[in-house]
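Taken in order, these protein sequences are the chains called A and B.
Numbering-wise, my numbering puts 262 at position 195 of the first sequence, and it's gapless, one number per residue.
Numbering-wise, my numbering puts 90 at position 23 of the second sequence, and it's gapless, one number per residue.
To be clear, the hints were calculated from the coordinates, so they are not data collected in a lab.
Treat the hints loosely; a few may be bogus.
To be verified - Distance condition first, Cα-Cα at most 20 Å in a straight line; then the derived EDC-like pairs of lysine to aspartate or glutamate:
| hint | chain 1 | residue 1 | chain 2 | residue 2 |
| --- | --- | --- | --- | --- |
| 1 | B | 252 | A | 222 |
| 2 | B | 191 | A | 203 |
| 3 | A | 179 | B | 246 |
| 4 | A | 249 | B | 180 |
| 5 | B | 90 | A | 119 |
| 6 | B | 261 | A | 219 |
| 7 | A | 261 | B | 274 |
| 8 | B | 247 | A | 222 |
| 9 | B | 90 | A | 180 |
| 10 | B | 249 | A | 183 |
| 11 | A | 252 | B | 183 |
| 12 | A | 247 | B | 265 |
| 13 | B | 252 | A | 219 |
| 14 | B | 135 | B | 76 |
| 15 | B | 90 | A | 183 |
| 16 | A | 272 | B | 265 |
| 17 | B | 260 | A | 222 |
| 18 | B | 191 | A | 243 |
| 19 | B | 179 | A | 250 |
| 20 | A | 179 | B | 243 |
2 protein chains.
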Amino acid sequence: MSETHLNTEQQILQSAEELFLEKGFSNTSTTEIAKRAGCNQALVHYYFRTKENLFQQIFIVKIELFLKTFMIEENEGDFFTKMERRIGLYFDMLSNNRKLPFLILNELVLSKERRDFIRENFIKNEGRQQIYYMFDKEIQNEIIKGTIRPIETFDLLINVVSLTIFTFLSLPIVGDVLEKNKEEKNEYILHRKKEVIDLIIRGIKADN
Amino acid sequence: MSETHLNTEQQILQSAEELFLEKGFSNTSTTEIAKRAGCNQALVHYYFRTKENLFQQIFIVKIELFLKTFMIEENEGDFFTKMERRIGLYFDMLSNNRKLPFLILNELVLSKERRDFIRENFIKNEGRQQIYYMFDKEIQNEIIKGTIRPIETFDLLINVVSLTIFTFLSLPIVGDVLEKNKEEKNEYILHRKKEVIDLIIRGIKADN
DNA sequence: GTCTATATAGTGATAGAC
DNA sequence: GTCTATCACTATATAGAC
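When you get a sec, could you build the whole thing from the sequences and use the hints?
Right under this line is the structure:
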């Protein structure tokens with residue numbers, strides 16, 4: 068994991084990624100990126116021409132990472148086991164990318180252009196719609212089987228995303244307001260992971 | 068609701084509030100505030116000295132509004148009825164202040180100073196801790212009575228806040244990505260309100 | 001109380017030397 | 001490929017006329 072062998076372009080990319088994740092697009096300057104990368108500000112523009120360009124390159128990768136995790140294929144076990152593993156993986160991915168939810172939320176809320184970009188390039192993607200369709204079919208089957216209550220697929224997704232993402236959105240706030248140290252923050256994440264899985268499962272189990 | 072009788076100071080305050088809610092602190096300029104208020108940029112500084120000062124005045128009121136709604140006293144009906152009404156009121160308040168969650172989240176995540184400020188001035192407030200303590204007692208009672216499953220008060224609160232807030236955080240994204248019009252966005256909020264209440268109730272009902 | 005003008009510092013981006 | 005220097009612009013904040 069040594070950083071010594073990165074060339075200048077990669078250094079800039081890495082520094083930019085760190086700063087965009089910490090402070091968002093508009094609060095990060097190309098001067099600061101250059102400083103952290105250990106080079107001159109002009110070089111940032113030499114390699115990426117515009118700050119917007121640099122950001123988009125990073126943002127696209129992050130969105131991809133963000134969207135693909137939950138949609139992962141899970142075939143072993145019953146529906147509840149699969150849901151538990153899916154949510155678990157989502158939590159684990161975000162544990163390793165704690166600032167990711169804030170970056171994505173922030174940029175999408177602040178910029179209609181980025182929302183439109185996401186719709187055209189990610190949501191209207193055939194493969195992704197196929198994955199959604201498969202998940203929807205899986206749910207309809209479970210409802211018919213009587214294992215879960217009638218629920219809209221979209222609602223289930225939003226429930227999971229809300230509860231999971233908010234854990235990481237609120238992490239710096241909860242951390243400072245409740246004066247948690249690093250270790251306690253990690254415990255908080257694991258605690259929420261359990262609680263979220265529990266709540267989601269309870270929320271979809273069929274009434275008796 | 069006429070704006071014609073506002074004096075300059077109030078006009079500035081109102082314009083600033085609108086802009087801060089739309090774009091956050093750092094993306095809003097005093098020049099823009101002045102322009103919307105229909106006055107000169109120097110006047111913004113005449114009345115509020117600094118932009119930070121102006122922001123804090125607005126922010127404090129918003130935090131107060133944000134914190135007080137869920138903690139409202141509800142005495143009629145059983146615990147589930149009370150929870151339903153609490154969540155409903157929370158949704159209704161945010162329906163009338165749709166950008167509020169984003170503003171608060173954004174500024175608290177981006178600024179440690181603001182997090183510290185909240186901790187010292189709002190969380191360590193005796194009255195508010197009293198309210199939390201009462202809610203906690205209410206929950207412990209229900210657990211003992213066997214009406215709800217064992218759950219930590221803080222988890223229940225985070226569950227409600229996650230699900231409620233995310234509805235409004237995601238509203239512009241969901242709206243544009245799924246190409247919803249104004250009416251459909253309102254429906255989405257009401258739909259989520261029902262689903263969130265349902266999920267929370269299912270999530271705390273005691274196992275049989 | 002309201003204005004114009006301005007001081008000061010920062011921004012993104014480019015030109016041009018090496 | 002990397003640097004310095006600089007342009008055009010915008011920001012916050014203040015001084016001073018009226």
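- Message: Are any of the numbered hints broken by this structure? If so, which, sorted upward?
- Response: 2, 12, 14
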